[in-house]
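One-letter residues, chain by chain:
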Amino acid sequence: MDLLQFAPALIGGILIGLSAACLMYFVGHIAGISGITFSAVIAPKANFWSIVFILGVIMGAALLHRVLNIPLPSDQGSLTSLSLGAFLVGMGTRLGSGCTSGHGICGLARLSPRSLVATLTFMGCAIITVFIRLHILA
Amino acid sequence: MIFIVTLFCGILFGAGMALSGMTDTAKVVGFLDLTGAWDPTLMFVMGGGLMVTLPFFQFGLPRMSKPILGESFRIPLAQIIDRRLVLGAAIFGTGWGIYGYCPGPAIASLAYGQIGSFIFVILMILGMCTTDLIVKTVNSHQAKLALGREEPT
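Those protein sequences? They're chains A and P, same order as listed.
Going by the working numbering, the residue at position 111 of the first sequence is 111; the numbering climbs one at a time, nothing skipped.
Going by the working numbering, the residue at position 45 of the second sequence is 45; the numbering climbs one at a time, nothing skipped.
Don't read these hints as lab results, they were simulated from the structure.
By construction, the Cβ of each residue, glycine as well, lies at the ideal position given by its N, Cα and C atoms.
Incorrect hints may have been included.
What the hints assert, rightly or not - Far from chain A, by Cβ distances over 10 Å, these chain P residues were calculated:
| no. | residue |
| --- | --- |
| 1 | THR6 |
| 2 | ARG74 |
| 3 | GLY93 |
| 4 | THR137 |
| 5 | HIS141 |
| 6 | ALA143 |
| 7 | LEU147 |
What the hints assert, rightly or not - One-sided excerpt, in silico: chain P residues whose CB lies under 7 Å from chain A:
| no. | residue |
| --- | --- |
| 8 | MET1 |
| 9 | GLY30 |
| 10 | ALA37 |
| 11 | TRP38 |
| 12 | ASP39 |
| 13 | VAL52 |
| 14 | PHE59 |
| 15 | LEU77 |
| 16 | TRP96 |
| 17 | PHE118 |
| 18 | PHE120 |
| 19 | THR131 |
| 20 | LEU133 |
| 21 | LEU145 |
| 22 | GLY148 |
Stated by the list, open to error - Chain A regions said to be covered by chain P (calculated; three or more residues, Cβ under 8 Å):
| no. | segment |
| --- | --- |
| 23 | 22-30 |
| 24 | 50-59 |
| 25 | 62-71 |
| 26 | 89-96 |
| 27 | 108-120 |
| 28 | 125-133 |
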């Protein structure tokens, strides 16, 4: 297995980690995208920083694809799976107070037992869901 | 100044999302497909992230009394592992497995100008707001029960 093929993933992960560390170090917030998105929607004036952060995320992705000429991923999946997936992701992240960046990157770094349980749970359910989708329903 | 730094943090995050492959549902599903043609790529993403955040949160943060620019550290206070956490994570994981996007990549992918991303983000926000409303209603009901103002259903 050529380990070099994983370099973009590792560097990408490091960038995400740097973002989270910097956001806490300079501004004092957890880089949990689900919470940031919700706070931007529910109280945009009070959470203006959330809007700025989200704008940055979109800018960063656009910049990277432009600079490195990475092809855009092709649109995957049906409208049904997109719609259902989206709604459940929204529901679950609100109820569970976090997502992969909040619980997975920040929460685990804090050695938070809640985040460990959350991460194991969402990973497990995601894996089971994919198994059912690809190997049972297909 | 704080907004410039916040923007920069966002840019790092978005760039990381794009570079890591998190916005590529094929790569995500490949990672989650343990029994199939397993693609370990995403393991390196989380590993890379934790390489930075773990030392910072464990050794850097405790040495600070406040963030450099912000007023205070906003750290989640909840300690209890309750049913909501587990149920929420389960629902989130299921949704993630169904399409392959979690919130971060969904937001980042808005940069690609594809209609699918916009639909995803809108429906995701709808899911968040609906759940928030349900949770607030349940909380209010439970509070009234505790105060003896409502009959248990």
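Tested hints:
Against the 10 Å criterion, P/THR6 falls within the reach of chain A, whose nearest CB is about 5 Å from its own CB. Non-interface status of P/ARG74 relative to chain A is broken: a Cβ of that chain comes within 10 Å, the nearest being about 5 Å off. With a closest Cβ-Cβ approach of about 3 Å to chain A, P/GLY93 is found to fall inside the 10 Å limit, against its non-interface label. Every CB of chain A is more than 10 Å from the CB of P/THR137 (nearest about 13 Å), matching its label as outside the interface.
Against chain A, the non-interface label of P/HIS141 holds: every CB pair exceeds 10 Å, the least being about 16 Å. Against chain A, the non-interface label of P/ALA143 holds: every CB pair exceeds 10 Å, the least being about 18 Å. Annotated as non-interface, P/LEU147 keeps its C-beta farther than 10 Å from every C-beta of chain A; the closest such distance is 24 Å. Against a cut-off of 7 Å between C-beta atoms, the interface hint on P/MET1 is violated, since the closest Cβ of chain A lies about 9 Å away.
With its C-beta approaching chain A no nearer than about 9 Å, P/GLY30 sits outside the 7 Å limit, and its interface hint is violated. Annotation: interface hint on P/ALA37 violated; nearest CB of chain A at approximately 10 Å, more than 7 Å. Taken as an interface hint, P/TRP38 does not check out: its beta carbon lies about 10 Å from the nearest beta carbon of chain A, beyond 7 Å. Below 7 Å, beta-carbon pairs count as interface contacts, and P/ASP39 has none with chain A, the closest being about 10 Å; its hint is therefore violated.
Interface restraint check: P/VAL52 against chain A, minimum CB-CB distance 3 Å, threshold 7 Å, status holds. A cut of 7 Å between beta carbons decides the hint on P/PHE59: the least distance to chain A is about 11 Å, and the hint is violated. Hint on P/LEU77 is violated. Least Cβ distance to chain A is approximately 11 Å, over the 7 Å limit. Interface restraint check for P/TRP96: the shortest CB-CB distance to chain A comes to about 5 Å, inside 7 Å, so the restraint holds.
With a least beta-carbon distance of about 10 Å to chain A, the hint placing P/PHE118 at the interface is violated under the 7 Å criterion. Hint on P/PHE120 holds. Least Cβ distance to chain A is approximately 4 Å, under the 7 Å limit. Annotation: P/THR131 was flagged as interfacial toward chain A, and the flag holds, the nearest CB pair being 4 Å apart, inside 7 Å. For P/LEU133, the interface hint is violated, since its Cβ never comes within 7 Å of a Cβ in chain A; the closest pair sits about 10 Å apart.
For P/LEU145, the interface hint is violated, since its Cβ never comes within 7 Å of a Cβ in chain A; the closest pair sits about 20 Å apart. For P/GLY148, the shortest C-beta to C-beta distance to chain A is roughly 27 Å, which exceeds 7 Å, and the interface hint is violated. Check result for the segment 22-30 of chain A against chain P: holds, 9 residues qualifying (beta carbon to beta carbon below 8 Å, three or more required). As drawn, the segment 50-59 of chain A meets chain P at 8 residues by the rule of a beta-carbon pair under 8 Å; at three or more, the given contact holds.
With 6 residues carrying a beta carbon less than 8 Å from a beta carbon of chain P, the segment 62-71 of chain A meets the three-residue requirement, and the given coverage holds. Counting residues of the segment 89-96 of chain A whose C-beta sits closer than 8 Å to any C-beta of chain P gives 8, which meets the bar of three, so the coverage hint holds. Residue count for the segment 108-120 of chain A with a Cβ under 8 Å from a Cβ of chain P: 10. That meets the three needed, and the coverage hint holds. Evaluation of the coverage hint for the segment 125-133 of chain A: fulfilled, as 8 residues show C-beta separations to chain P shorter than 8 Å, against a requirement of three.
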